Amino acid sequence: MPREVNIRIAGTGGQGVIKAGLVLAEAFALEGKNVVQTQSYGPEARGGASRADIIVSDDEIDFPGLRRVDYLLVLHDSAYRKYYPQVDGETHVIYDSSLVNARRGLGFPFTETSIREFGTPLFANMIAIGALTAMLGLQPEKVEVVIQKRMRKAEENVKAFRIGFEMGRRVTKPKVVSHVVKPYILS
Amino acid sequence: MEMELIQGNEAAVRGAINAGCNFFAGYPITPSSEIAHGMAELLPKFGGVFIQMEDEIASISAVIGASMAGAVAMTATSGPGFSLMQEGMGYAAITESPVVIFNVMRAGPSTGIPTAPSQGDAMQARYGSHGDYPIVVLAPASVKDMYYLTVEAFKIAFRFSTPVIVLSDEIVGHMRESVALPPLGEIESYEKRAKNLIDGRRRHRTGLVHTENGLPTTDLEEYEKLLRLLFAKFDDFRPMVRFEGEEGVLFVAYGSSYRLAKSSAKLLAEKGVSAGILKLESLFPFPEDAVRRYSKKADLVVVPEMNAGQVVKEVERVCCCRVKGVSYFGSLILPEKLVEIVEGEL
Numbered sequence: 011m012p013r014e015v016n017i018r019i020a021g022t023g024g025q026g027v028i029k030a031g032l033v034l035a036e037a038f039a040l041e042g043k044n045v046v047q048t049q050s051y052g053p054e055a056r057g058g059a060s061r062a063d064i065i066v067s068d069d070e071i072d073f074p075g076l077r078r079v080d081y082l083l084v085l086h087d088s089a090y091r092k093y094y095p096q097v098d099g100e101t102h103v104i105y106d107s108s109l110v111n112a113r114r115g116l117g118f119p120f121t122e123t124s125i126r127e128f129g130t131p132l133f134a135n136m137i138a139i140g141a142l143t144a145m146l147g148l149q150p151e152k153v154e155v156v157i158q159k160r161m162r163k164a165e166e167n168v169k170a171f172r173i174g175f176e177m178g179r180r181v182t183k184p185k186v187v188s189h190v191v192k193p194y195i196l197s
Numbered sequence: 029m030e031m032e033l034i035q036g037n038e039a040a041v042r043g044a045i046n047a048g049c050n051f052f053a054g055y056p057i058t059p060s061s062e063i064a065h066g067m068a069e070l071l072p073k074f075g076g077v078f079i080q081m082e083d084e085i086a087s088i089s090a091v092i093g094a095s096m097a098g099a100v101a102m103t104a105t106s107g108p109g110f111s112l113m114q115e116g117m118g119y120a121a122i123t124e125s126p127v128v129i130f131n132v133m134r135a136g137p138s139t140g141i142p143t144a145p146s147q148g149d150a151m152q153a154r155y156g157s158h159g160d161y162p163i164v165v166l167a168p169a170s171v172k173d174m175y176y177l178t179v180e181a182f183k184i185a186f187r188f189s190t191p192v193i194v195l196s197d198e199i200v201g202h203m204r205e206s207v208a209l210p211p212l213g214e215i216e217s218y219e220k221r222a223k224n225l226i227d228g229r230r231r232h233r234t235g236l237v238h239t240e241n242g243l244p245t246t247d248l249e250e251y252e253k254l255l256r257l258l259f260a261k262f263d264d265f266r267p268m269v270r271f272e273g274e275e276g277v278l279f280v281a282y283g284s285s286y287r288l289a290k291s292s293a294k295l296l297a298e299k300g301v302s303a304g305i306l307k308l309e310s311l312f313p314f315p316e317d318a319v320r321r322y323s324k325k326a327d328l329v330v331v332p333e334m335n336a337g338q339v340v341k342e343v344e345r346v347c348c349c350r351v352k353g354v355s356y357f358g359s360l361i362l363p364e365k366l367v368e369i370v371e372g373e374l
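So the protein sequences, as listed, match chains A and B.
Quick note, the first sequence lines up with residues 11 to 197 if you use the numbering used here.
Quick note, the second sequence lines up with residues 29 to 374 if you use the numbering used here.
Hints are supplied without guarantee of correctness; some may be wrong.
A partial selection of chain A residues facing chain B, derived with a Cβ cut-off under 7 Å [as the list claims (entries may be wrong)]: (1) Val-46; (2) Gln-47; (3) Phe-73.
Negatives, chain A to chain B, calculated, CB over 12 Å [to be verified]: (4) Tyr-93; (5) Val-97; (6) Asp-98; (7) Arg-113; (8) Gly-129; (9) Ala-144; (10) Glu-165.
Listed below are the simulated DSBU-like cross-link pairs for lysine-lysine, each with C-alpha atoms no more than 30 Å apart in a straight line [as the list claims (entries may be wrong)]: (11) Lys-73/B / Lys-159/A; (12) Lys-172/B / Lys-159/A; (13) Lys-183/B / Lys-220/B; (14) Lys-163/A / Lys-73/B; (15) Lys-365/B / Lys-294/B; (16) Lys-365/B / Lys-92/A.
Hints were generated in silico from the structure; no laboratory data involved.
No experiment lies behind these values; they were computed from the predicted model shown.
C-beta atoms are modelled at their ideal positions from N, C-alpha and C, and glycine is treated no differently.
With the sequences and hints as input, model every part of the structure.
What follows is the structure in structure tokens.
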């Protein structure tokens with residue numbers, strides 16, 4: 011991992027975006043990294059796209075906001091439309107191919123997988139965090155410790171995380187578009 | 029102490045509990061609500077009392093009353109509530125009540141933008157209540173500061189028998205950082221008996237000007253004596269400032285703007301422009317001597333603030349060199365932008 015990584019996780023209300031950000035940020039903290047995590051609040055969070063930003067660094071983090079986005083994980087089309095314009099050619103874009111029509115990036119069917127495995131889209135956030143963990147080279151054990159500590163339904167969430175981690179591990183070059191799936195519309 | 033990920037407001041709660049706070053009265057308001065939530069959850073477990081009052085006027089009044097009865101008391105609010113508390117703050121100042129008041133600043137005036145950060149209450153924190161009075165204002169810039177400056181706020185409140193304002197903002201209050209803090213329940217030990225000017229005498233408390241026995245007076249000599257004594261107590265106050273970096277461009281910054289200043293100073297250094305930062309952890313009493321001393325070696329003093337320019341006027345008052353205030357509203361600007369502005373001044 012480079013000395014500093016800037017991560018933005020974005021989706022829409024109810025997708026567990028903030029929770030996903032907290033889990034990832036705390037796992038990095040347990041790994042001994044310097045971490046700053048911020049998120050959207052209030053009307054901004056309720057009215058559509060919500061986001062969690064994480065800065066991870068080996069050095070002290072001075073400026074608490076994202077100055078660039080190294081990894082953009084989007085779980086919803088509205089969030090993709092809002093945050094994709096802010097990325098550059100170096101940004102790794104990872105998206106939920108069940109819900110996002112993306113022009114560029116690496117799509118995974120997080121929501122479809124959650125529905126298939128658990129009968130609900132609720133675990134898509136942890137599947138996504140699994141995939142991102144694999145790409146970031148973060149120790150999966152650290153994330154699992156945080157899930158056990160912080161989340162209800164820890165068993166299912168750990169299982170979801172492991173499914174996602176396997177998805178991410180199979181991909182070595184994050185910039186290659188692996189597959190684009192027809193958007194899955196939630197009823 | 030092990031590393032953990034903790035929110036600024038949560039760190040303030042831990043700091044308060046570990047400083048022995050045993051009374052909280054408040055009214056939740058964004059972006060300070062997590063402090064009330066945390067105190068509501070934890071105070072009963074530590075033998076303390078949490079009361080949600082009907083408004084902020086009642087909150088500060090309850091806190092002052094509890095303090096007079098011997099409690100270690102605090103409240104937390106944001107702009108609109110802070111305005112309502114001003115009368116109480118003057119009362120706490122003249123009655124020399126040791127209380128801690130948190131203001132997690134949000135964009136104002138009035139209701140403003142509840143979720144957007146601001147540093148617009150800096151001068152209100154100093155001069156918000158009517159009449160002349162001294163007050164202590166501390167300005168945390170990180171989650172770590174939120175813990176340690178909270179503990180310090182209680183120590184100062186008792187040492188000087190005074191209200192202390194912890195002036196945070198939405199950025200510092202809501203962000204989470206990896207940090208190693210003393211665990212909850214590691215209680216700090218310090219003298220919690222306030223020594224005010226009428227200490228040891230028959231106690232009568234009033235917001236009226238009073239003599240040494242605490243009873244009201246309209247004698248102008250007594251009035252002047254009281255005010256001079258109130259201010260003189262702070263002759264012993266040691267300003268909390270930190271200097272980092274090199275001589276050259278000097279950033280004078282507090283709260284979340286310190287983080288912007290530090291990042292900008294590093295960017296300038298990379299470009300071969302030497303720069304340093306004077307971080308004001310105690311904003312008032314204004315650290316005049318330190319600002320004057322460090323500015324003497326500076327080519328340019330830059331004061332970045334998330335307001336229309338407030339503390340910059342204090343800096344201008346004490347500096348002989350060129351002072352540049354940089355204003356922004358509702359969020360920090362990027363360090364690259366601040367560097368561009370500074371370079372335009374060189």
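Against the structure, the hints come out as follows:
no. : hint                  : result
1   : Val-46                : holds, 5 Å
2   : Gln-47                : holds, 4 Å
3   : Phe-73                : holds, 4 Å
4   : Tyr-93                : holds, 16 Å
5   : Val-97                : holds, 16 Å
6   : Asp-98                : holds, 14 Å
7   : Arg-113               : holds, 26 Å
8   : Gly-129               : holds, 31 Å
9   : Ala-144               : holds, 21 Å
10  : Glu-165               : holds, 23 Å
11  : Lys-73/B / Lys-159/A  : holds, 21 Å
12  : Lys-172/B / Lys-159/A : holds, 23 Å
13  : Lys-183/B / Lys-220/B : holds, 8 Å
14  : Lys-163/A / Lys-73/B  : holds, 27 Å
15  : Lys-365/B / Lys-294/B : holds, 13 Å
16  : Lys-365/B / Lys-92/A  : holds, 23 Å
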